[in-house]
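Visitor: The lines below spell out each chain.
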Amino acid sequence: MRNLSLRVPRGEIFGFLGPNGAGKSTSIKMLLGLVSPSGGEAFVLGAPSGDVEIRRKIGFLPEDFRFYQWLTATELLEFHGRLCGMDAEKLRERVPYLLDLVGLAPHQGKRLQGFSKGMLQRIGLAQALIHDPEVIFLDEPTSGLDPMGRRLVRDIIRAQRDRGATVFLNSHLLSEIEVTCDQVVFIRDGEIVTTRDLRSQRNENVRVTVRARKMTPQTIAGLSQWATCSQLDGESLTLTANSREELPEILGYLVQSGSAPFEFTPHRISLEDLFMEIVGEDRGL
Amino acid sequence: MNPVWVIASITFREAARKKILWTALVVGIGFVIVFGAGLYYQLTDLRNSNIAPFLRYQLLSATLMIGLYTVDLLAVVMTILTSLDTISGEIASGTIQAIATKPVARWQVLIGKWAGFVAMLAVYVGAMFSGTLAAGYWIAGVSLQNPISGGSLVYLECLVVLTATFLVGTWFSTLTNGVIVLGLHGLAFLGGWLEQMSGFAQGSGLVTLGVVSSLIMPTEAIWRRAAFLMQPPLAGALQSSPFANVSVPSGAMVGYAGFYMLLMLALAIYHFQRRDL
Chain A
1 MRNLSLRVPR GEIFGFLGPN GAGKSTSIKM LLGLVSPSGG EAFVLGAPSG
51 DVEIRRKIGF LPEDFRFYQW LTATELLEFH GRLCGMDAEK LRERVPYLLD
101 LVGLAPHQGK RLQGFSKGML QRIGLAQALI HDPEVIFLDE PTSGLDPMGR
151 RLVRDIIRAQ RDRGATVFLN SHLLSEIEVT CDQVVFIRDG EIVTTRDLRS
201 QRNENVRVTV RARKMTPQTI AGLSQWATCS QLDGESLTLT ANSREELPEI
251 LGYLVQSGSA PFEFTPHRIS LEDLFMEIVG EDRGL
Chain B
1001 MNPVWVIASI TFREAARKKI LWTALVVGIG FVIVFGAGLY YQLTDLRNSN
1051 IAPFLRYQLL SATLMIGLYT VDLLAVVMTI LTSLDTISGE IASGTIQAIA
1101 TKPVARWQVL IGKWAGFVAM LAVYVGAMFS GTLAAGYWIA GVSLQNPISG
1151 GSLVYLECLV VLTATFLVGT WFSTLTNGVI VLGLHGLAFL GGWLEQMSGF
1201 AQGSGLVTLG VVSSLIMPTE AIWRRAAFLM QPPLAGALQS SPFANVSVPS
1251 GAMVGYAGFY MLLMLALAIY HFQRRDL
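Residue numbers (my numbering), protein chains in the order written: chain A, 1 to 285; chain B, 1001 to 1277.
The set of hints was computed from the structure by calculation and includes no laboratory data. Be aware that one or more of the hints could be misleading.
Distance condition first, Cα-Cα at most 20 Å in a straight line; then the derived DMTMM-like pairs of lysine to aspartate or glutamate [as the list claims (entries may be wrong)]:
| id | chain 1 | residue 1 | chain 2 | residue 2 |
| --- | --- | --- | --- | --- |
| 1 | A | Lys57 | A | Asp132 |
| 2 | A | Lys90 | A | Glu63 |
| 3 | A | Lys110 | B | Glu1014 |
| 4 | A | Lys90 | A | Glu134 |
| 5 | A | Lys57 | A | Glu12 |
| 6 | B | Lys1019 | A | Glu75 |
| 7 | B | Lys1018 | A | Asp132 |
| 8 | A | Lys110 | A | Glu78 |
| 9 | A | Lys117 | A | Asp162 |
| 10 | B | Lys1018 | A | Glu75 |
| 11 | A | Lys57 | A | Asp162 |
| 12 | A | Lys90 | A | Glu75 |
Now the in silico label distances, taken between C-beta atoms and shown as ranges [said to hold, decoys possible]:
| id | chain 1 | residue 1 | chain 2 | residue 2 | range |
| --- | --- | --- | --- | --- | --- |
| 13 | B | Gly1258 | A | Arg56 | 35 to 41 Å |
| 14 | A | Asp51 | B | Ala1122 | 34 to 40 Å |
| 15 | B | Gly1258 | A | Phe43 | 39 to 45 Å |
| 16 | B | Ala1122 | A | Ala159 | 44 to 50 Å |
| 17 | B | Leu1175 | A | Arg111 | 24 to 30 Å |
Positions of the beta carbon are idealized from the N, C-alpha and C atoms, including for glycine.
All chains should be built: construct the whole structure from the sequences, respecting the hints.
Guide: Structure, rendered in structure tokens:
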């Protein structure tokens, strides 16, 4: 890592992006005190990285989570809870809640050796949340998960943010990052390339392709309150909306005006396009 | 609950749940049965001979010492095999990351694991040692001197080996760890024999070589001290045996072994605290 300087605001979901070998996992490990930097310093919640006491407020899901195969899901969470100083009474309440949260309640008594990769990811996420941490580091939390699992993890991450926790997310799945994160940083070769605020990007102008059967010049003129129309080509109209937030109103207007729209496709520069643009197409994810 | 205790108890439970401890104990029981049967047949043969009762007792005691020496070897091998990958394996698999990022100091992780094995070895060595002694007493009516001191020294020997695997495990992979620790024990074994050879050639370089080997790895020296404390006079007089009293390590060697173990533990903690996980 070189010149990596980051400030992550509290209560945000922060995405960390970069190609393989960019230093994403190493950065997380440095912040958690697992790896010592050869120079420089890092602080988490105002304490130097690696501080033992501050870890009471930090949760971590390592990449490719693995643990003792002979433990059951319940025993694993109890063990991690006890390491965090939780007593038996607290664990009796917290462990079933988390197992239910990650969808593993039916497997609470099953040993980890019978778990699929996706199930291990889920139980790994549960152990990261066992002590209600203020900052949560998730290294590839959705790898190995099916679409339902991904949605579940996404909902959990958002719920954590909504309760005030900060989530530091490292993922290869750019579409996941795109819909989950508030802010992202791109790194390459151990250096920050750029930082993007995805919330503001959601409010940026967006180009839309509309295909409708009965589009009249009056209808197109009426769109000017939300968008700038560029061209009409038969049934197809391309327009640039002022804001992504206004897209439902535009669609509603087209329906009400009797245009019979049968396609409404917003185009914007996806995170993947941005990633390729910044990192370079010759580098893999 | 103290994190050291949490980690120690899961390490102990791991041995029980992975069936290492139970398998080792079943093998141990098998050993005690075979040993007891051998002792029984030796007793029958001796009764049918004209050997004087005193000599008969000495011969049976010597057999008991052989049984205990086998227990000692089994315990050392069992110690190495069970503890070999506890540090290096968990670092390699990344399992340690979920533990080391909890509010637990790294020294607590290492001491907790070490304490778990210390408890497990107490069960194993205690069961094997007392089982063999009980077989000797009930079958042949022989008992040894200072069995508690002897058993404690065999346990200390296992703890030295355990601590060596912990120290090497903080530096090297599981396989390399096994090669190094077994190699060190082999060196100690060789050193013990070289020292005994020196009994026949006073002042030879063999003594120096043997002592240096014992200082590098004092495990065999601890066994020879244990054997000296327990053995009957005849077994001790058997030159060139693991029980020979030709060159008996002093009590200071036991003190050195204890210091050596604590130093290795401190070095293991020092390196584990600083290394990347």
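Visitor: For every hint, state whether the structure bears it out.
Guide: Verification of the hints:
Taken as a hint, the Lys57 of chain A and Asp132 of chain A pair is honoured in the structure, with Cα atoms around 7 Å apart against an allowance of 20 Å. With a C-alpha separation of about 28 Å, the suggested pair Lys90 of chain A and Glu63 of chain A falls outside the 20 Å cut-off, and the hint is violated. The straight-line distance between the Cα atoms of Lys110 of chain A and Glu1014 of chain B is roughly 16 Å, inside the 20 Å bound, and the hint therefore holds. Under the criterion of a C-alpha separation no larger than 20 Å, the hint pairing Lys90 of chain A with Glu134 of chain A is consistent with the structure, at around 18 Å.
Between Lys57 of chain A and Glu12 of chain A the alpha-carbon distance is near 16 Å, which keeps this suggested pair within the 20 Å criterion. At roughly 18 Å between alpha-carbon atoms, Lys1019 of chain B and Glu75 of chain A fall within 20 Å of each other, so this suggested pair holds. Note on Lys1018 of chain B and Asp132 of chain A: the hinted pairing is violated, with a Cα-Cα distance of about 31 Å set against a maximum of 20 Å. With a CA separation close to 14 Å, the supplied pair Lys110 of chain A and Glu78 of chain A stays within the 20 Å bound.
Restraint check: the Cα-Cα separation between Lys117 of chain A and Asp162 of chain A comes to about 28 Å, which exceeds 20 Å; the hinted pair is violated. Proposed proximity of Lys1018 of chain B and Glu75 of chain A is supported: the alpha carbons are some 15 Å apart, at most 20 Å. Between Lys57 of chain A and Asp162 of chain A, the direct Cα distance comes to roughly 16 Å. Compliance with the 20 Å bound is thereby established for this hinted pair. A C-alpha spacing of about 14 Å is found between Lys90 of chain A and Glu75 of chain A, which places the hinted pair at or below 20 Å, so the restraint holds.
Between Gly1258 of chain B and Arg56 of chain A, the C-beta spacing of about 36 Å keeps the proposed range 35 to 41 Å intact. Take Asp51 of chain A and Ala1122 of chain B: their Cβ atoms lie about 35 Å apart, and the range 34 to 40 Å holds. Remark: the range hint 39 to 45 Å for Gly1258 of chain B to Phe43 of chain A is upheld by a beta-carbon distance near 42 Å. Checked against the hint of 44 to 50 Å, the pair Ala1122 of chain B and Ala159 of chain A passes, with Cβ atoms roughly 47 Å apart.
Distance hint for Leu1175 of chain B and Arg111 of chain A: a CB-CB separation of about 27 Å, consistent with the stated range 24 to 30 Å.
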